[in-house]
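Asks: Turn these sequences into a full structure, and let the hints guide you.
Here the working numbering is used: position 158 in the sequence shown is 158, and no number is missing along the way.
In short, the hints are calculated from the structure, not lab data.
For clarity, every value in this text was computed on a predicted model and none was experimentally measured.
The beta carbon of each residue, even a glycine, is placed where N, CA and C say it ideally should be.
Warning: the hint list may mix true and false statements.
Straight line, CA to CA, 30 Å or less: simulated DSS-like cross-link-like pairs of lysine-lysine [as the list claims (entries may be wrong)]:
| id | residue 1 | residue 2 |
| --- | --- | --- |
| 1 | Lys32 | Lys75 |
| 2 | Lys103 | Lys45 |
| 3 | Lys103 | Lys32 |
The calculated label-pair distances, taken between Cβ atoms and stated as ranges, are [as the list claims (entries may be wrong)]:
| id | residue 1 | residue 2 | range |
| --- | --- | --- | --- |
| 4 | Val170 | Gly104 | 36 to 44 Å |
| 5 | Ala168 | Lys45 | 52 to 60 Å |
| 6 | Asp144 | Ala38 | 30 to 38 Å |
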Amino acid sequence: MTMTILRDGALVQDDWTLVEDGRTDIELAGGKVIVTLARWRTEGKALAASHEAVGVLVPNTADIEAVYPEISDRKLIALQFPVFTDGRALSQAVVLRKRLGFKGELRAIGDVIQDLVFWLGRCGFDSIVPRQDQNLEACRAALDELTVAYQATADEHTPVWVRRRARAAVH
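Replies: Below, the structure is given as structure tokens:
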């Protein structure tokens, strides 16, 4: 069953399958799967040998800098939001993009609601799986909800204070 997600600001059909721990029927050989960090650690070589690509779902409690050497070569790293009020995965995303230089797909999974979407984009997520009760079109529109930011993050937007300083230097 495919689902629609946000990827690079567009609504698209997801080409990855999230495989829950304990599921032994990974008969998706050749496809793209996302497995937990724990499963990657125990079955990584076998999974990589039998699938087109294997992404890793990292819990928001993990020290992302310590885990990164194990997953730095993955095409996709998914970060978990167990509840929308827990923003630790936002910090993990910024560390992955800015400090560690991760260039692959960075995905938000879990209790992802429309109110988080703009901030997910600012922190470097390029794919977002909103909670099932969320309106996908409203979530897509939320990516462009605000046009001015005061702080620098993992996206390429120039903070407004930098733009003001540059304008003042010219005049």
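Asks: Could you work out which of the previously given hints the structure breaks and list their numbers from low to high?
Replies: No hint contradicted; all consistent.
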